[in-house]
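In order, the protein sequences belong to chains A and B.
At position 146 of the first sequence (counting the first as 1) the number is 146 in our numbering, and the numbers step up by one without a gap.
At position 81 of the second sequence (counting the first as 1) the number is 81 in our numbering, and the numbers step up by one without a gap.
Warning: the hint list may mix true and false statements.
Some chain B residues flagged as far from chain A (calculated, every beta-carbon gap over 10 Å) [stated by the list, open to error]: (1) Val12; (2) Val24; (3) Val37.
Chain A stretches covered by chain B per the calculated footprint, using a threshold of three residues with CB under 8 Å from any CB of chain B [said to hold, decoys possible]: (4) 38 to 44; (5) 187 to 200.
Calculated pairs, SDA-like style, for lysine to any residue (alpha carbon to alpha carbon, straight line, at most 25 Å) [unchecked claim]: (6) A/Lys157 - B/Thr16; (7) B/Lys71 - A/Pro9; (8) A/Lys157 - A/Leu125.
These aren't lab readings, by the way, just hints derived from the structure by calculation.
Quantities reported herein were computed from a predicted structural model and do not represent experimental measurements.
We treat Cβ as the ideally placed atom computed from N, Cα and C, and that holds for glycine.
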Amino acid sequence: MAALEFRDPIRAKALAAALARATGDVGREVSLMHVCGSHEQAIAKFGLRSAFPRDLNVIMGPGCPVCITDQPEIDEAVALARQGARIATYGDMVRVPGTAGSLADAQARGARIDTVYSVAQAVDLARETPDDVVFFATGFETTAVATAAVILAGVPKNFSVLSAHKYIPPVMEIVAEMPGTRVEGFLAAGHAATITGWGIFEPFVARHHLPVVVAGFEPLDILAALVKLVELVRDRAPAVVNMFPRCVTREGNRNAQRRLWQVFRPIGGRWRGIAHIPNGNLRLRDEWAAVDARRRFTIDLASLWQHAPSTLARQCICGNIMAGIASPDDCPLFGGACVPDAPVGACMVSSEGTCRIWHQYGGVPDLTAVARPFQGRDDRGAEGPALRDNASRGPVCPI
Amino acid sequence: MCLGVPGLVVEVDDLTAVVDFWGVRRRVRLDLVDEPVAAGDYVLNHVGFAIRRIPPEDVQTTLELYEQLLKEASGDLMATDVRSEIENLKSEF
Chain A
1 MAALEFRDPI
11 RAKALAAALA
21 RATGDVGREV
31 SLMHVCGSHE
41 QAIAKFGLRS
51 AFPRDLNVIM
61 GPGCPVCITD
71 QPEIDEAVAL
81 ARQGARIATY
91 GDMVRVPGTA
101 GSLADAQARG
111 ARIDTVYSVA
121 QAVDLARETP
131 DDVVFFATGF
141 ETTAVATAAV
151 ILAGVPKNFS
161 VLSAHKYIPP
171 VMEIVAEMPG
181 TRVEGFLAAG
191 HAATITGWGI
201 FEPFVARHHL
211 PVVVAGFEPL
221 DILAALVKLV
231 ELVRDRAPAV
241 VNMFPRCVTR
251 EGNRNAQRRL
261 WQVFRPIGGR
271 WRGIAHIPNG
281 NLRLRDEWAA
291 VDARRRFTID
301 LASLWQHAPS
311 TLARQCICGN
321 IMAGIASPDD
331 CPLFGGACVP
341 DAPVGACMVS
351 SEGTCRIWHQ
361 YGGVPDLTAV
371 ARPFQGRDDR
381 GAEGPALRDN
391 ASRGPVCPI
Chain B
1 MCLGVPGLVV
11 EVDDLTAVVD
21 FWGVRRRVRL
31 DLVDEPVAAG
41 DYVLNHVGFA
51 IRRIPPEDVQ
61 TTLELYEQLL
71 KEASGDLMAT
81 DVRSEIENLK
91 SEF
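Let the sequences and hints guide you as you build the complete structure.
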């Protein structure tokens, strides 16, 4: 049973010991960053941080596509909806607050918003209606390839795309240089790399001399990848290592990549709360101007921007959390004024957002309440400690 | 959003395929898949597109991983993401 191996407590214990050894060898604090909501889900759910040595700091970076969509981009979608376009978008985007409310708020005031599972459904919708359908396109390159595919296949005249797609490699360059974080290595998301291939990280490694390890999303995949990453830091051996060969090749999915770059070009743009990221946004190429909502419509943002952001929104520290310089616990709103049912910031909306995940599972487990696992305690029986599953405790309210 | 869902290709019709995801059948587009697929293959689906043909030797491990996930309690975010992917697939076909 291959799947059970991933939850094998003996292997978990061995990996935790190896992680402690490698971190001890480094002899100082080491900060690593992952850029994937699924990684954070597994780390938080299984309480992996309690297995990390004291000197190892694993930060969730900008790995939630919903979270990094910038407020002006939400505002563009809200403005187009108010101007009468029908907005189709992926589920979570509807609830993310913009300057003057979310798309859900606009819908409550009469705008037409359609939640779709696939961009292909948005195209079908445009075929069924005479109205202008604008697909508010969010997500990283993994999702942008689908937007590219429908455009290349041909779309009806009343269909256009408001692209808020983001491209992960450039943001790693920026975060790697941020003085506040001092990230020494990156864990890359296995499924995203299925499309891009692990070779995409080689230029980054060459420029920044920081290692990148591609990891699966099971807890032991993550532990094993962290061990490798700390060893690369210890050995001062910046390289890309693929620990998810089951899914990821060096080249990735070339067919999908070709389509992506036929339709999109990278341009600089803001990621919510983080910074201006050169080449971090994906815009439609000039030859696709006819399907580019930004060129088809005059988007009236001025009327939205008369609204000052609410007092609560000004206290939100989503940006610092995604840049890795703050944790949800540092936010005065977390779990109190900002909860999944009434999110103030984007990080509490998506199931991949750091705040949402920490709210569900707790982020750094309370070690005074439970015995510290993975520390070689022999009184737990010969099998060793199992990974502690925080989910069994139910949602954790930190306040 | 970044988690694909594996499914069994039931039939292929030019640029789309009917794919079975734990009993839910849905038409999936093949524009983006990395190599040709045929009935009997497994593919990884992301937002209605097959993004990878799963090599036969990896099918068992991949399915077991997801089955394990699907058994998780309702409070599990990753399991909820995968379940909602499958639930979303139902709406289309």
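With a C-beta cutoff of 8 Å, work out whether three or more residues of the region 187 to 200 of chain A approach chain B closely enough for the coverage to hold. This one holds; 5 residues, not fewer than the three required, reach chain B with a Cβ under 8 Å.
Tell me if chain B covers the region 38 to 44 of chain A under the three-residue, 8 Å CB rule, please? holds (count 3)
Is the nearest CB of chain A more than 10 Å from the CB of B/Val37? holds (12 Å)
So is B/Val24 really clear of chain A, every C-beta pair being over 10 Å apart? For B/Val24, whose nearest Cβ neighbour in chain A is about 12 Å away, the distance exceeds 10 Å, so it holds.
Between A/Lys157 and B/Thr16, does the CA-CA distance stay at or below 25 Å? holds (23 Å)
Using Cβ atoms and 10 Å as the threshold, tell me whether B/Val12 really stays out of contact range of chain A. B/Val12 clear of chain A: closest Cβ-Cβ about 16 Å, beyond 10 Å.
Does the structure keep B/Lys71 and A/Pro9 at a Cα separation of 25 Å or less? Holds, at roughly 19 Å.
Check the hint pairing A/Lys157 with A/Leu125 against an upper bound of 25 Å on the C-alpha distance. At roughly 12 Å apart (the allowed maximum being 25 Å), A/Leu125 and A/Lys157 satisfy the hint.
Comparing the model with each earlier hint shows no violations; every hint is respected.
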